[in-house]
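Peer 1: Residue numbers (full-length UniProt numbering), protein chains in the order written: chain A, 1 to 585; chain B, 1 to 196.
Be careful, since some hints might not be right.
Stated by the list, open to error - BS3-like mimics (lysine-lysine), calculated; alpha carbons at most 27 Å apart, straight line:
1. A/K310 x B/K5
2. A/K324 x B/K163
3. A/K2 x B/K163
4. A/K353 x A/K485
Derived by calculation from the structure, the hints in this document are not laboratory data. Keep in mind the model is a prediction, meaning the values are calculated, not measured.
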Amino acid sequence: MKRLLSGNQAVARGAWEAGCNVAAAYPGTPSTEILENINRYPEIYTEWAVNEKVALEVVAGACFTGARALTAMKHVGVNVAADPMFTMAYSGVTGGLVIVTADDPGMWSSQDEQDNRHYGRHAKIPVLEPSDSNEAKLFTILAFDISEKFDTPVLLRLTTRICHSVTIVEFGKRKEHKIKGYVKDIKKRLVLPAHARIRHRIVEKRLIRLSRYSDIFPYNKIEWGKKSLGIITSGISYQYAKEIFPDASFLKLSFTYPVPIKLIRKFARQVKRLVVIEEGDPILENEIKVLGIKVTGKDKIPLCGELTPKVIRDSLKRPYKRTKKPLRAPARPPVLCPGCPHRGVFYVINKLKLTATGDIGCYTLGALPPLNAMDTCICMGASVTNAHGMEKALGAEFSQKTVAVLGDSTFYHSGITGLVNAVYNKGNLNLFILDNHTTAMTGHQPHPGTGRLAKGEAGKRVPPEDIVKGAGVEFVKIINPDSLKEVEEAIKQALAFDGVTVLIFRKPCALLTKPKPPFRIDPELCNGCRLCLRLGCPAISLTFPKEKKRPLAVIDQGLCVGCGLCVQMCPRKAIVLSKEKENGK
Amino acid sequence: MENKKVTNIVICGVGGQGIILASNVLCNAAFNERLDVKKSEVHGMAQRGGSVITHVRFGEKVYSPLIEEGKVDFILAFEKLEAFRYLHYLKEKNGVIIVNDREIPPMSVLVGADTYPADITKKLKNYGELHLVPAEKTARELKNSRTVNIILLGVLSTFLNFKTRSWHSALKSCIKEKFVELNISAFDRGRALRRE
Ligand code: SF4
Ligand code: SF4
C-alpha cells in the first residue's frame, strides 16, 4: 500500500513498523508532528516531556530495559539534550535508540541555523539523512537496527523541507519488538571515570566498524550519468541537484557519518569534476577534502540559508533566463491572534515602558509593532535568567523597570531552575507567566499545567503557582488579563515589591476558546484617533471613507472573537456589540 | 493539462485560511490519479496571520518538492496581496492566476507603516490569465465561511485533467466525515463558477 505522508508522519510510521515501544519529546517546529503521529499508535507509549533533555533521558531508561525507543526534537532542542546524548554514546543502548533532530535551515521558526550533523561527529554517533518521506520511514527502521547492531544511539537528521514536505510512502507491517527485560551492567551504564575510560576505547573502535559499514550501506549509492560532472550530496539537496543536473553522475549519501571512504574514492576517481552539494555547513566537503580529494563546495554554494533549486542553479552558474522580478509587497509577518490572551499584558508592558526579557513561544510576537514589548529572546528559559543577570549588573533599581516574560509550557521546560536561582541569590526578579493552558505555537500540546497526558487521558495537574510558592516566592498573584486596568495595577504592585515576584496571567489560548459575538465600531462615534490600533489586533483596521473627512476604524466581523480588549481602549465608547448579534440573528 | 509532464502549482494566502487543507486535497487527488506527487509547506512561526505558501508538484516523476521561480503553472491565492507577493513564481507564458476576491491588510498596513498595493487586480492581470473568484460570497450562500478554500479548489480543478472520482475521494480522505458532504457541494459550486 502507498500513501502520501509528510517526513514527520513517515518517521512516526517507521517507528511503528520497527516495533518502537516508547517515545518522548518536547514540541518544537519542525519536529512536533513526529510525536503527534506516534501518539496515534496505541502500541507505543508516548509522552510529552517538559524538555528535550528529560525526553532523551526517559527514552534512554526505556532502551536500557531492551525496549526500542525514540525521541524527536528541533535542532536547538538537541542543545538541551546534548548532555545525556554524549554519554549515551559511551553507555550504549541495549534496545534501539533513535534521536531525531529536525534542523531548520532558513530559520522558518527558529533562532539560529545550526547544522546538527556536527553532533554526530562530536558525540561520535552515526548519522542518517533521508531525502524524502519514503526514506524517512525506511531510515527510521534502519536506524533502530543499526542502533542495536552497534550498541549506539543513532542520529536521524531531518530538515524543515523533509519534515514538512509530503511525498509518497510505501507501507509495511509492524514487526513487534519484544522487550528483553533489564539486566544490570554497571560497567556500561554507570559511567564513572574508571568505567568511562574503558568505554571511550570501545566508542573509538565502534566508529571504525561504523565507517566500514557506511561503505556497504545500501542507500549510500552511485547513480551513473555523464562522467564529466560528479555530484556528492545528501538529504534534500539530492532532490534539488537532480532537478538542476539531470544528466550528471551522483553519489547520494544517506549514512553520512562516518562517511563511506572507499565509495567516495571510487566515485571521485571516475568523474572529471567533483562537486559537493550540501545544505548548511561544509561537513561532507571537509571529510572528502581530508581524503586528499579536490572538490568544489562552499566556495560556490552558500552556507547561510536554505538551499533551493534556484540557489544551486545560480551558485553553480547554470543560469536560467527570466524577466519577471519579485514585486515589492508589504510584509505579512505572523501576529498574535485576535483575542490572544497575551495581547493586553504586552500592551501594558509597552505602555509602562518596561524592559522585558522574553522567551520562545507565541509571545515572542509581542516584540513586533505595534506592541514593541520585548527586548531579548535567546532560548527557552533565558527570559528568567537574563533578567536576573541584568539586575545583578545594574542593581535593584533597574529591576523595578524590568520584567521577565515566558509562557506556561516554557516555565516547565526551563523556567523553574532560573526562578529557583533568583530566589536563592536574593534577586528582585519580576516574572510574568503568560499561562494560556497549552503549548500554543507548536499546535497545542499538553504539559504538566494542563493535567492532560499525550494520548488525551487525565494525568495529575501540577499548577505553576504551587511550584512558584514551593520555590519560596512570597509575592504570587493570578490575574485574568481581560481587564487592562487590573493588569496594570498588578504589574505596578509587583514592580514595587522588594524581592522576587511572580504574576500568573491566566486565560486559555484564543484558539481553544469558543468565540464570543464580535464587536463593531460605530461610524458616528469613531473619530479615527487610532488608539484601538495600538493593541495590534489583526481584526481592527483603518479605512478612509470617501464621504467622511477623517479616517475610520473598522472591525472585521469574521476575524473578531469578541474578547472586548479594544472596548477598553476607546475613549469615545465607539466600540459596541454588533447589531445583528444583539438581535440574535 | 497533460498529466505526465510535471505540473507546478502554488497555493498561497494568510495563515488560518485553510491553505494546508486545500493543498492536501489537491495532492491526494493527484495521488489518486496514480501520479508522483510532492508538496512542501512554507510558513513561519505563529499559528495565524502570517503569509503561507505551499508548493504542489505532480507528474510522472518529481524530484524537488520546491518549485523554481518562473516555473509555476497555476497560482491559487486565497487573498489578493498574497497572489501579488508570489507573482514572480508564475511562468512567462500561459500562467494562470486564480484569486479569491478578498483583501486582508497585513499588520504593517494596519499600523500605517506601509500601504496595500493600489489597483492590485489590474497588476495581477498583467502577469497572466486572471480568474477573480467571489469565493467569500459563494461560501456565504452555502452558509459556511470555512468552505472558501474548497470553492477555490473547485475552480482550479476545472483546469486539471483529473477524474471527478479522484477529487471526491480526496475530499473524503482529508476532511472530517461530518463535513464531507458540505465540502463536496462547495467543490462543485467552485467548478460551476468557472463555467458561469
Ligand atoms: S495561538 Fe493562542 S497564544 Fe498563540 S497567538 Fe494565538 S491566541 Fe495567542
Ligand atoms: S474584541 Fe477587539 S481586540 Fe478583541 S478580537 Fe475583537 S477586535 Fe480584536
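Peer 1: Please go over all the hints and tell whether each is borne out by the structure.
Peer 2: Verification of the hints:
Note on A/K310 and B/K5: the hinted pairing holds, with a Cα-Cα distance of about 20 Å set against a maximum of 27 Å. Between A/K324 and B/K163 the alpha-carbon distance is near 34 Å, which puts this suggested pair outside the 27 Å criterion. Among the hinted pairs, A/K2 with B/K163 is consistent with the structure: their alpha-carbon atoms are about 20 Å apart, no more than 27 Å. For the given pair, A/K353 sits about 16 Å from A/K485 by alpha-carbon distance, which is consistent with the 27 Å threshold.
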